[in-house]
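Protein chains in written order, with the numbering used here: chain A, 1 to 659; chain B, 1 to 375; chain C, 1 to 154; chain D, 1 to 306; chain E, 1 to 345.
Just so you know, the hints here were simulated from the structure itself, not pulled from any lab data.
Glycine is no exception: its CB is placed at the ideal position from the N, C-alpha and C atoms.
You can trust all of the hints, since none of them are fake.
Chain A side only, calculated, beta carbon under 10 Å to chain B, not exhaustive: (1) M31; (2) P32; (3) A124; (4) V608; (5) E655; (6) A656; (7) C658; (8) P659.
Some chain A residues judged to face chain E by a derived CB distance under 10 Å, without partners named: (9) A582; (10) R583; (11) C584; (12) G586; (13) E591; (14) V593; (15) R611; (16) L613; (17) R615; (18) S616; (19) A634; (20) R636; (21) D637; (22) A639; (23) T646; (24) N647.
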Amino acid sequence: MPRIGVFVCWCGSNIAATVDIGQVTEAAAEMPHVVCVEDNKYTCSEPGQASIRQAIAQHGLDRVVVAACSPRMHENTFRKTISAAGLNPYLLEIANIREQCSWVHADRVAATAKAIDLVRMAVAKVAQHSALTSSTSPVTRRAMVIGGGIAGIQAALDIADAGHEVVVVERSPTLGGHMAQLDKTFPTLDCSACILTPKMVEVVQHPKITLYAYSEVEKVDGYVGSFKVTVRRKARSVDESKCTGCGACWEKCPVKVKSEFDLGLGTRKAIYVPFPQAVPAKATIDREHCIYYLRGRCRICERFCEAKAIVFDQQDEIINVEVGAIVVATGFQQFDQAAYGEYGYGEYPDVITGLEFERLVNASGPTEGKIKRPSDGKVPETVVFIKCVGSRDEHKGVPYCSRTCCMYTAKHAILTREKIHGSKVFIFYMDVRTPGKGYEEFYRRASEEDGARYLRGRVSRVYPKGGKMVVLGEDTLLGRKVIVEADLVVLASGMIAQPDAQEMARKLGVSYDQHGFLTEAHPKLRPVETNTAGIFLAGACQGPKDIPDTVAQACAAASKAAALLNREALEAEAMIACVDEARCSGCLWCEPVCPYKAISAKTISERVGRRTLTRSVAEVNPSLCHGCGACTVACRDSALNLLGFTNQQILAEVEAVCP
Amino acid sequence: MDATRITGASLGAARIPSGPLDKLAAAAARVAGDGALVFGPARDGSVWGWKLCEAADVPQSDLWERLVNTDVSPKELFMPRTEDIARWRDRLRNLSIAEPAAPPPVVVLGVRPCDAASFDLLDEVLIEGPFSDESYRRRRGATLLITWACGKTGPACACDAFGLAPAAAAGDLMVYPDGNELLLSALTPKGLEVLGDLTGGSTAGEALTGRVDAVAAALNAQKTAVGRRLALDDLTANAAGLTATLFSSDIWTELSPRCLSCGTCTYVCPTCYCFAINDEPRGGDGRRIRTWDSCQFKEFLSMAGGHNPRPSKVERVRQRFMHKLNYHPERYGKFLCVGCGRCIVSCPVGLHVAEVGEALSRAAAAAVSAAKGGE
Amino acid sequence: MSVAKTKPEADGANAAAEWQPKIVAFCCNWCSYAGADLAGTSRLQYPPTVRIVRVPCSGRVNPRFLIRALQRGADGVLVAGCHPGDCHYSTGNYFARRRFLLARRFIEYLGLEPDRLWVKWISGSEGNKFADVVREMSAAVAKLGPNRKVREAR
Amino acid sequence: MRVYSYYPGCSLEGTAKEYDYSLRALAPLLGMQLVEIHDWSCCGSSAAHATSHRLALALAARNLNLAADMPGGARDILVPCAMCYNRLKVTSAELAADSGLRSAVESDLGDKWRGAAITAKALPEVLLGDIGVDAVAQAVVQPLEGLRVASYYGCLLVRPPEYTGFDDPESPKSMDELVRATGATPVDWPHKVECCGGGLSITNRELVAGLVADILGAARDAGADVIVTACPMCQANLDTRQGLAGKTRGTDFGLPVLYITQLLGLACGLSAASLSFQSHLVSVAPLLEKVRQLGRARQAAGGEGC
Amino acid sequence: MSAVAIADLSRDLARLEESVRARASELLESQQVRMVIGHKRAWNGPLAVAHFAVSPKEARKFAAGPHCTGGLAKYLLEEREKDGVVAVIARGCDALGVRRLLIDRRVDAEKVLVLGVPCAGCLDPAKLAEALGVTPAELVEVTLAAGALRVRLAGQEQAAAGPPLDKVLPPTCMACEVRMPVEVAEMLGGDLAALTALAGRPPAIDLETAEAEVTRLEELSADDRYAYWAGHFQRCLRCFACRNACPACNCRVCALDSYDPKWLGHPTEIPEQFMFHFIRAVDVAGRCVACGECERACPVGLPLMQLNRKFSKDIRTLFGVDRPHLPGEHEPLGKFEPDDPEEFM
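Input sequences plus hints: build the corresponding full structure.
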């Protein structure tokens, strides 16, 4: 039989002025299993705590109820108190008779009656308490960074510099991501490649970093401190350890393919590196276009490879990596412009996206930095930029702002005016958003110094007419229809989630929003953590971001990961879900409601009669469970229970409400 | 089987017209005692059960021409589905315990002979046996049972297979349909009192009791549809000593798979009497209650620690029918079944006393002939 | 405390005037329980009708608790959790929402008064909202009168 | 044979009779059977939806209910008129989404809403989605090779996309594909979904003349011989206001405006009479002559005659 | 349905019965399966009962036709711990019941062989009796012959023509959308033209009509609704036939039997009866396969499907999941949508 002590607090006059403490102690003395009732002026004071410790010893109490302020205030205080007296700290219940009683009621009779009810509920609940302990698990002191764009690069370098091993997984043949495709960066107009490529090199040279390029994450098992990641290293058909990146192979390769890196504006070979500064500088054979794979003949590259690095029958390799933390930096993709039929992207070659413009204006791009329009290679005289194409448009499923387009369009305007003398630049916009250091100044430079004509309004249609692209738009500030006959139209494309972002989220067990961006644990206070402990977010996979924000977030994610890896072991929650295997039907209806992927099936053996049978039951991983209890409701058989808030405890409280 | 199960000695008889029965009900209520409650068959939803009749809604006699029997047996009038054994209050460490008040007298108007006979069977176990069930005894003692002989049998009726008959005499007062009139025959002094109250003291003479015997004999000559198919003679004649053989018969593994382990058969059965006792605490207070229970439930014999002596349907189905058709007859000389046919109608999977009885009887015959062959 | 005070014994004018509903509130620890605490620290007054059962998350609240509370004499049940999208455990309140959308329609279908069940999203900063909800719900449940339909006799 | 409930709508009994005739003549050739909805009434467009939202819904709902009650079972409705199509689609969607509105409309109708399972379909939607462009091409006996056709969709047929959804609202292609199936060349032109001003055709002729002139001009610039449409309002407006539009631009456009069914009918070998070309204001005769010439030229060149 | 089709139908049913027996014998003979679960003629009365054949000889007893009522899927639960494959002769509802057990991971897919049979509906003896003006117990034999049912009543020597089968089907069969079973390993009788044509027809009543009684109850006043349900619930015997017959009620330890926590008190008074039926209905919500077994098994005629249908109706209107029990649909309570309705929140 439980032996419960009840300690009623006056809290000076905070409680005692409204609640008749005497009546409460009298009533508490009658409650089942209560063997000792005391009241104190200030229970949380040292004398108050001492009286609890004394009473535990004197009356042999094994459970304690403190009727005082909110448990959010002093639950931990009193847990320590009873722990000091030798009780398990969880054999405590707080009756909140201050915040939820004396402070909100004036009528002494009613408040006293309610306080008695609250004490009765706490007594009934604590009688059902059991001692709880939390488990610990060791930490694998290695991190994985998924994605090798600027976010992944920065995060990897920071974690490695903090002294931990890092594994970087990048699915394309090279590091760099979208940033490598850019020409200049706003608002400083410094060269993107110049600031990025040294970092790319740093990654491969760092002794703590292992890079798996042309590789993808297949599966993620385990939990914080102990993830087991399966990585597929796709076959390059080239032995990375031998390839020197000399370039003989791609010079001789007879097959020309549209370059993904140049967004189809330029070409590459079937054996290639995506761009000259690619890291690692290892060739890759594109098996879909290589003549040898298509027709069984050629092998010219093999003949010219002095390093003998070509391996035509190379297979994908599956490797397993154990890590303690994961930084997700999988980036974004451009909005698909085909959704805007009225702009004719894809039909008219001279309607291009902002990223394509980056390649056109880039000195290492297909036009060697000369802005030439794709249809006929003519240098455009009039260029129209249309902003918010695939941003802030609910009808296209993108209600959000992509955050970068205002600034890169201003940059494009400046570059156009710089590179094409006497060119005219028109920019159709909804709003100009420049929240960033030096951003507003940069925009002003575009509009005021470089003479870009900003027109506030949407464009309704773009169509070709006599070698020009007619842009029908509106200037809403003047209330006039605007028709511009342009040579080139550039659509400022928004950012959307990677096409496989949801699949990645499911592999990782993290949540994502309706647009497919991965969700942070708290929008303000936990911006780089996910709801799955040990998995952090960096860059545009979490939402549209420019480079400075991406880098800042990558640093933050890295510091979170490093802090985690600095720990020897992790202590799990004590109030977590547990499975009564004798009851569990193994239906696993609990599994989909668990936000932490903490529930999985396991097989148990049991004796039934004279036979040993195996069956499947649910298992809660204590390192992953946060104790929300959603699973307990999904469990029809009540095999799942939440320690500290068991069905029995809640039912006992409910029973006690109405004596 | 005991012939007195069919023909009871009439203590007196009377004749009343068919039609409203309010006078009969009132007379019975007066005899039963102060505050007596009268129950009669009543339709509830799609089901016929038993309902308290106010004076105005006492059924008319033609009801018994239309209705073969109620779907729910009248046993709950003596064994309520839930009844208090005691209530307790724990205040200031003073425990007070209250037992329920004495039950009111009850008149059951128009039970069929099979159901009336079921009370005799229950009485033997619950009152006359070594243990007397106080609550049941008090309720039975305060009851006046008016039994209505069956003018026709229903398709699921099987009374004759179990040693009874459509007009088997049981209860306090028998009612026999006789043309446009009803013949009343008192079987007990209480029944005789009702007749006296009804007729103003003039109980009928020899002529009327003779008529009663004649009508009863005619009604009892009816054969039921199930009874025509179901001969349990091998079971009755050879029952003694066959328990072990029947217990290990193959029929249980053959018959039991289809059972759903629900309690339907036991709960509609007038002769099943298993119950459970549970405490329902409410804080310091609470009640100890008795509710029906069923040997067909998986958890029926489940013990603390997890052991279950009857873990599968084979054991549970066997238990029920062996109890009805072998254990009880061995001890009391009668089947613990009155052939009311309710399990035949209600079992959702058609597993009932007729089919099992036939199989068991065959098994008994086979065992006997095997034993003879062995000699 | 006398039991009779909170227990509706009779429909007599006096008893009716004195009767106040009893509401069991399941409040999630992170939002609504904190909101109730904030109502306290802000000294907002509300009727002494509500008894809070602290749960980690509205997703922990089993609809069976609702019937149990009504059986044992509660006149109303409040389930309060974080606003959609704000769940401390990210999704618990979404599951609670589905469960109680159905549960409320179901008790209504069984002939109970649906207004005996309230589900409200109350954040930790909404002390005012907590007090308002208790006031409004107390009035609404008072209007329904004592719960008799599934309350067990004592 | 695919069976459809057929909802002609008022235009097809009046100004757009040729749309109705040509559609009925064409249907069997493309494997469609049209069963006219018995006792159909106004779809709720024009005056109704401008003045009373509920009335407009109730009118459309009545027709959808009738379609649900059709003997032989509920089927998809073929709705040739773009306005009717639009009203029926909007009504289905709004009543599905809003139970309050549904009960309001039910009380207006004095009848339960039974149209939930009924789908209204536009003509290009049916021909492309159900019949299939291959089946259309197979039915062509007189290919219109050499003819340049501007498909004009107007404002209602493909908008709003959340209700219509069968084609790109800004750059639709469905009629172009049908045109291609006849052997003719669909022209790429910018005014496929520009407003023709049909709603103001009576009240503001000058404005409408300008809009119509823009459309016709764009079609002519794109080298079109003919405009096809699937909307009675567009057809009527582009046809009747063509003279006025020409006057404002000092030109004679001379661009016949056909229903898509008429063009398909022509390609499938239906006679000019059965396609009711006589009721057009802009003469179709030169077009028919061109078709004949193209056919002869093809025969002379040894092309497939049939 | 033309007269010719009906004549064919009775012949088809005979052939179906033969092919069930043949296939079952074959499977047992070759020891591909350990047991075949189907129906056989009952000891008495018009209906068939479950039959468990473990030998080819026992397979000769299998029956098929509209008298084969009673679900079979649930029996698999008791076979789960034994080795070997069990075959089930499955009507559409049985197949869905097996699917339920598979989704709930209560049965191993490798240990079940679902043999689908087309189903014309299973007669409701109460409806048939009512149509003939007798009690259900008086029905002795029912067959489906040319034209309509043929019924022999108690005390009659000869069977006489009864009503058409369509008129005496329970509501679940009327609304059945799986007369041709789905997710079966193989179909028996798939070549029987008349039977498959009948089974392939759309349901006799649509979802809304099936829910007409729910709608009617919804429109009553709260007190009338309470009176309705309390009236039914007070009759409930707590025999648990509804639960035991239900393929969705397949927990190892039923909440209704649990002592700790004690969800359901033992008293059979109204408050606990509401708890009982609340728990049962809530726990099968979204998981109900609409087989109607609960209602069929109930000895005191509780309209339990009206509770289940209420949930399916609300799940449809609130969450847009029309038929959670059919393949391809999502289980509505193991998930959520961020924009689920907030009617009163």
